[in-house]
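The whole structure should be built from the sequences, with the hints applied where relevant.
My numbering puts the sequence shown at residues 1 to 197.
It is possible that some hints are incorrect.
[As the list claims (entries may be wrong)] Calculated lysine-lysine pairs in the DSS-like style (CA-CA distance at most 30 Å, straight line):
#1 K68 x K160
#2 K160 x K110
#3 K105 x K92
#4 K92 x K154
#5 K68 x K132
#6 K102 x K33
These are computed hints drawn from the structure, not numbers from a lab.
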Amino acid sequence: MQTVWACMPHSPNDVFIARLQSSQPAPIDNQQKIFDLQFSNPRFVFRTLKMWFFYTTPEHWQSDFEFKDIEPNELIIGLAYVASGNEPANYKVVSLATLSCKDHKLILSKPLVPFLAWNRVEGRCGHDSRYKVGILDGFIDEDQAYYLQQLQAKYPTCNKLNAAFPSNANKSVSEQYESQPQTSFWGKLKLWFGHWI
1 MQTVWACMPH SPNDVFIARL QSSQPAPIDN QQKIFDLQFS NPRFVFRTLK MWFFYTTPEH
61 WQSDFEFKDI EPNELIIGLA YVASGNEPAN YKVVSLATLS CKDHKLILSK PLVPFLAWNR
121 VEGRCGHDSR YKVGILDGFI DEDQAYYLQQ LQAKYPTCNK LNAAFPSNAN KSVSEQYESQ
181 PQTSFWGKLK LWFGHWI
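In structure tokens, the structure reads:
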């Protein structure tokens with residue numbers, strides 16, 4: 001168990017689905033490159049009601065990588081976590097993969113960026129490029145096939161998937177955010193329950 005804690009691989013609570021709207025360099029003073037990301041309709045798809053009380057709603061998304069190969073408004077599945085306990089609404093995105101649907105089957109691309117994953121076969125973290133994992137394949141308990149099956153049950157048709165994560169292809173990013181009114185706490189609570197019911 002000590003090895004697991006030293007590794008700290010991602011958990012299903014880190015998995016979100018959204019549509020990537022933009023990736024812009026963040027204005028920072030040091031040499032490290034950071035990118036501000038904007039998503040539409042982001043949702044952490046494996047979080048339970050209990051987990052909802054432990055996590056804040058993301059307000060700011062950042063990444064160490066620019067996701068050049070993803071078109072604006074493309075549907076993605078990614079891994080993100082709260083980067084700092086002092087800023088619980090700031091999430092760091094560690095990797096993304098595209099998510100598509102064909103003939104009512106969900107299809108995941110390979111992750112665009114390698115990430116820290118748990119190698120269940122060897123019982124250790126996989127750090128090097130030889131250890132290839134899918135975006136849902138690096139968790140301790142189950143593999144990608146299991147989690148993909150869970151997603152398929154949640155979104156059994158392409159129409160259900162697209163209805164849950166609608167495309168804003170005809171609107172600019174500024175129009176999308178201007179058209180969304182500020183939601184009260186109770187409104188957010190109602191929306192959140194609506195996603196699970």
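We went through each hint and held it up to the structure:
1. At roughly 27 Å between alpha-carbon atoms, K68 and K160 fall within 30 Å of each other, so this suggested pair holds.
2. Between K160 and K110 the alpha-carbon distance is near 23 Å, which keeps this suggested pair within the 30 Å criterion.
3. Distance check on the hinted pair: K105 and K92 sit about 29 Å apart at the alpha-carbon level, within 30 Å; holds.
4. Between K92 and K154 the CA atoms are separated by roughly 25 Å; this keeps the pair inside 30 Å, and the hint holds.
5. Note on K68 and K132: the hinted pairing holds, with a Cα-Cα distance of about 21 Å set against a maximum of 30 Å.
6. Straight-line distance between C-alpha atoms of K102 and K33 comes to about 36 Å, which puts the hinted pair past the 30 Å bound.
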